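*Asks:* Chain residues, written in single-letter form:
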Amino acid sequence: MDLNILWFILLGVLLAGYAILDGFDLGVGMLQPVAKNEEERRLVLNSIGPIWDGNEVWLVTFGGAMFAAFPETYATVFSGFYIAFMLVLFALILRAVSIEFRSKLESRAWRRFWDTGFFFSSLLASLLFGVAVGAAMNGVPLNERGVFVGRFIDEITVYSLLVGLMTVAMFVMHGAIFLYLKTEGELQQRVHAWMWRGFGFFLIMYLLVTIVTLAQIPRATRNFEHYPWAWIVVVLNVLAIANIPRAIAQHRPAYAFISSSATIAALVCLFGVALFPNLVTSKPTIENSLTIYNAASSHKTLVIMTIIACIGMPFVVGYTAVVYWSFRGKVELQEHSY
Amino acid sequence: MDVVTLSRVQFALTIMFHYIFPPLTIGLGVVLVYLEGMFLRTGDPLYESAAKFWTRIFGLNFAMGVVTGIVMEFEFGTNWAVYSRYVGDVFGSALAAEGIFAFFLESGFLALLLFGWGVVGPKMHFFATVMVAIGGIFSSIWITVANSWQQTPAGHIIREHVINGRVFRRAEIVDFWALVFNPSSIQRLIHVWLGAFILGAFFVMSISAWYILKNRHLEFAQRSFTGGLILATICSLAQLGSGHFQAVGVAENQPAKLAAMEGLFATESHAPMHLFGWPDEESKTVRYSVAIPGLLSWLVHFDAAKPVAGLNDLESQWGRPPVWLTFQSYHLMIAIGMLFIVTTLLASFLRWRGTLFTKRWLLWYFVFAVILAIVGNETGWAAAEVGRQPWIVYPTIANGAAEGGLRTSDAISEAIGPAHVLGSIIMFSIVYVLLFILWVFLLNNKIQHGPEPVTGREGTSTSGVPNDTARRVSRRRSLTETDS
Numbered sequence: 001m002d003l004n005i006l007w008f009i010l011l012g013v014l015l016a017g018y019a020i021l022d023g024f025d026l027g028v029g030m031l032q033p034v035a036k037n038e039e040e041r042r043l044v045l046n047s048i049g050p051i052w053d054g055n056e057v058w059l060v061t062f063g064g065a066m067f068a069a070f071p072e073t074y075a076t077v078f079s080g081f082y083i084a085f086m087l088v089l090f091a092l093i094l095r096a097v098s099i100e101f102r103s104k105l106e107s108r109a110w111r112r113f114w115d116t117g118f119f120f121s122s123l124l125a126s127l128l129f130g131v132a133v134g135a136a137m138n139g140v141p142l143n144e145r146g147v148f149v150g151r152f153i154d155e156i157t158v159y160s161l162l163v164g165l166m167t168v169a170m171f172v173m174h175g176a177i178f179l180y181l182k183t184e185g186e187l188q189q190r191v192h193a194w195m196w197r198g199f200g201f202f203l204i205m206y207l208l209v210t211i212v213t214l215a216q217i218p219r220a221t222r223n224f225e226h227y228p229w230a231w232i233v234v235v236l237n238v239l240a241i242a243n244i245p246r247a248i249a250q251h252r253p254a255y256a257f258i259s260s261s262a263t264i265a266a267l268v269c270l271f272g273v274a275l276f277p278n279l280v281t282s283k284p285t286i287e288n289s290l291t292i293y294n295a296a297s298s299h300k301t302l303v304i305m306t307i308i309a310c311i312g313m314p315f316v317v318g319y320t321a322v323v324y325w326s327f328r329g330k331v332e333l334q335e336h337s338y
Numbered sequence: 339m340d341v342v343t344l345s346r347v348q349f350a351l352t353i354m355f356h357y358i359f360p361p362l363t364i365g366l367g368v369v370l371v372y373l374e375g376m377f378l379r380t381g382d383p384l385y386e387s388a389a390k391f392w393t394r395i396f397g398l399n400f401a402m403g404v405v406t407g408i409v410m411e412f413e414f415g416t417n418w419a420v421y422s423r424y425v426g427d428v429f430g431s432a433l434a435a436e437g438i439f440a441f442f443l444e445s446g447f448l449a450l451l452l453f454g455w456g457v458v459g460p461k462m463h464f465f466a467t468v469m470v471a472i473g474g475i476f477s478s479i480w481i482t483v484a485n486s487w488q489q490t491p492a493g494h495i496i497r498e499h500v501i502n503g504r505v506f507r508r509a510e511i512v513d514f515w516a517l518v519f520n521p522s523s524i525q526r527l528i529h530v531w532l533g534a535f536i537l538g539a540f541f542v543m544s545i546s547a548w549y550i551l552k553n554r555h556l557e558f559a560q561r562s563f564t565g566g567l568i569l570a571t572i573c574s575l576a577q578l579g580s581g582h583f584q585a586v587g588v589a590e591n592q593p594a595k596l597a598a599m600e601g602l603f604a605t606e607s608h609a610p611m612h613l614f615g616w617p618d619e620e621s622k623t624v625r626y627s628v629a630i631p632g633l634l635s636w637l638v639h640f641d642a643a644k645p646v647a648g649l650n651d652l653e654s655q656w657g658r659p660p661v662w663l664t665f666q667s668y669h670l671m672i673a674i675g676m677l678f679i680v681t682t683l684l685a686s687f688l689r690w691r692g693t694l695f696t697k698r699w700l701l702w703y704f705v706f707a708v709i710l711a712i713v714g715n716e717t718g719w720a721a722a723e724v725g726r727q728p729w730i731v732y733p734t735i736a737n738g739a740a741e742g743g744l745r746t747s748d749a750i751s752e753a754i755g756p757a758h759v760l761g762s763i764i765m766f767s768i769v770y771v772l773l774f775i776l777w778v779f780l781l782n783n784k785i786q787h788g789p790e791p792v793t794g795r796e797g798t799s800t801s802g803v804p805n806d807t808a809r810r811v812s813r814r815r816s817l818t819e820t821d822s
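Residue numbers (my numbering), protein chains in the order written: chain S, 1 to 338; chain W, 339 to 822.
For reference, chain W alone in the conformation it holds in the complex:
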């Protein structure tokens, strides 16, 4: 394999592994703020116990996010040096802002969040929790802005830069706010946030559902599940709207990407929307497809009779993204989104009726649905990034013609060879597989351990040496308490 392909494989591997954690952290951050805020307001020790439990889980996820995140920052330079030279001036401000406002905020206050119980007062601790949550959201802003600029560049100019007498072209900033509010950044940011909240909510619901099924920590679990369900239902519904408006934006700014996502080869009026299918790039058709005629035209233009441009016509100007992967990632994401809307609405209805926690099959679904939430987040990004090909920085449209841009194949470091990258792929694969196993193992450990029993309510506090018998007894007691 050539160095470009290998570097793309490495980037995909490292970013997809990394991206399990940031949305979890952002989503859980919101949950923590809610729980601690409720504890401060009501003084109910159950909230405190819940906050401490989720904080431990949060800490584990955060650590994974940090170590895999440093890799990403390094990789721009190590593997994509030409790209770094091209975008450095534009990304500079966003990255500086991310470092100063987000990373320091998160990691500084994380110390108080994780180790500050009993060291600082509850109000200061709550403040630290809020700061960590805000830090997470801040960093998602800047990184999404930077990525959105790659999709729909704005606020810059392509200028010649001279080094030791040699001239080359790079993007330079002319308007900071136009760069920040480039045509896709707000819509994509909302989409990313909703995705993160959904993942955080499904994560909480997964663990809570498991406790309910196992008859453990019932009061804690039911309360957590309900909170997660409310968040998940609202965000899943909102995600539908967000996704729609984003697709309209893609149709306008990156028509070839939209065509690849929808498997549209020929330009047609009454363009159909495939529910599922198997795009065949050679015959330029979508096999085994079930499609709704005119829906795509209607969604893009609010008029089923209007044409939507297909890849055959777009290719000369925009290049051709890999259709099969873009199409399948995109459709998998939509399928998961739809499933989430149906199941969260159903669960909300049952919760309102008061019978949700007796529906074991639905609880089992929620135990495993968190995996789908991760897959949804990952495939959404895969569609966005693969659909951007063959460009690493998309060309801009000026007077109807594509202009500027940087091809992925031109963006690779000059100083590295395939052996370098193959070696690091092997290293990352081994390290990440071990990390993943470790993460799941420790997560399971913490879940098995569960929240600390609430002192006073259950009579005993068994912090310290694990004492299974004592815990089992207190569990039974909490069970009877909820029943009475």
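Chain S with its partners taken away, still in its complex shape:
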């Protein structure tokens, strides 16, 4: 396997890691209105309190890795989707500030304001990430130099909006399962209902997106002819989705959480299969696409990055595990909570 493929896979791993980890805390943000009183609102917020920051680092690292391994892609995507990225930045700043500052004052209006900010920014970020994936599936106009030549409005199609909504639904479901694991009592009962609602919403959107993808984007399934193993991912994806309601009904939330994580991972994998070997697919002129070969850094850089990743990744996995282990169990409010 050459290093270009390895880094394509690693980018996928980082994206999947981000979607699974920040996915549930974005979902928790969107479920914020489920909380009915001050204590519940703080419980919801603090369920992700110590970990949301670390989860967001996966996005930062994803961006960094893309810059490093495939600078052409990074340059084209970030400059081409300028307005979208500025909105993402706005959402991420608002979200961080809402989490960080909300509980610093006793005032009701103050807290209400930041609660709304937390909800809205989580929703906006989830939607934008989904729309970006949808636009990438769809393809965007590039010139022969691989530079984006369309307008922002071209990136927003019915299809990309559908993928955006599916992402929102998926994160709500994922976040609800996480929150169910982290809460107790009456709040947990209300969250329970939202696990079902989230799942129902996700299922509908998933079916819709699948149908539209099959009908409108023939390229998405072309790779299945070259790589029959990809069908395994499809089967796993379907099994994982089917397992979510089963696990919820059996009162095994941890199992449901693993299933929804697997669902996200499988979807990211299918996204990768659909794109490969392109990173940015050009439409209508497909020859202008940026691929993992023409957009990549030199072999030497990829070698050095691989060495760095091999040394660093065990540490990352190690201390992520330590942090999650330290904050395992039900969320409790204490002196240092948000």
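Don't read these hints as lab results, they were simulated from the structure.
Note that this is a predicted model, so its numbers are computed, not measured.
Every residue, glycine too, gets a C-beta built ideally from N, C-alpha and C.
No false leads were mixed into what you were given.
The following label-pair restraints were derived from C-beta to C-beta distances:
(1) GLN188(S) / ILE764(W): 41 to 49 Å
(2) ARG246(S) / GLY459(W): 35 to 43 Å
(3) ARG745(W) / MET313(S): 32 to 40 Å
(4) ARG745(W) / THR306(S): 27 to 35 Å
(5) THR306(S) / ALA350(W): 29 to 37 Å
(6) ALA350(W) / LEU333(S): 40 to 48 Å
On the provided structure of chain S, position chain W as indicated by the hints.
*Replies:* Same frame as chain S, now just chain W:
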């Protein structure tokens, strides 16, 4: 305005706002490690209370650093796509290392640092604190290395890269260690670290001085102030040496930048050093200047008679940086550095004599000097970055001639227009102004709240519901305690 100018304005705005926080975090990280280490060693609850207080402040600053930092990572791609294509291969390794070694380390252990009291044992908590501090220092290494490569590129080759049949040039790595240890990276890194330690120390001194002036948390404040003062004095003195050697490096590798910093238009022997002045780019002179003749020549060559190249001769080869801004930023930084050396030495002397905490005027100076420390850090970077113009990646010197490099005006994204950038500048301006107000407001809140009273010493622990009366009483008691 054109898209290049607007993008430069946006970058300056976002980076200058961002750069308030990283040096604060790095500096405070060192303070936290010291306080928690002392607590583990001595078991003195005052250290614990102090560590917890500064941790809360640290958390606030860290959050600001993270949210404004993501903007920076995105901006390379959104506004400077051509630059990203040109440097991506070279920066790749440094950025990968930063993500893996620094960001994950910081944010992972930050959770334990902020929320881990009582969740993990004190030794594990101390370990987390050390890891967060190291993470901060790590990230400063990689980002400074990357920036230094832009100033003095090394370890790379300019190669042609083909995309869909079209050829373009980009920098590709040939020697990773030559890139990391490029001619300016070590000196600049030391300079950045010292700047961060100075800012961290002045930040601690500012809040402590205010407590002393207001007669609150006296023991805590005096101890914190003394610790900060020691760090600030040592680093301010060291910064003088670091700055000097860095300027010599700039003279060698980026002569046009040095000439702009010093306002040197004509090449001359016995080149003077201006203490202050007003460079006039049209008449090519420095007005209202007070200068020491020969000092610049002496500082650069250790020989006052040797010539230093001026902008008039350098311009054809190196281009001409904006002189006024480079000159003033650089001189403001030096002025602040000198002031810090004098005042920290004076304060150290008074502290040794035991009369420092009765000198109210000096304490008031230290309350506000933290602003100067921020300005010093910012203007230092402004001189470095504006002085690098018109290049975004500096050319290298090969056989006496400049070679390669990328002009700032050529580095902009092709896909964006002025309206895009103007829109985002407006967004960032509004968001950042609000953020800044919020930050100051919450900082003030935490300072007013102060460290938790030490249990046992003061009899009462008033954690939980704020109870002003109880706190006021315990404050008085701690006052009498320190007096007795």
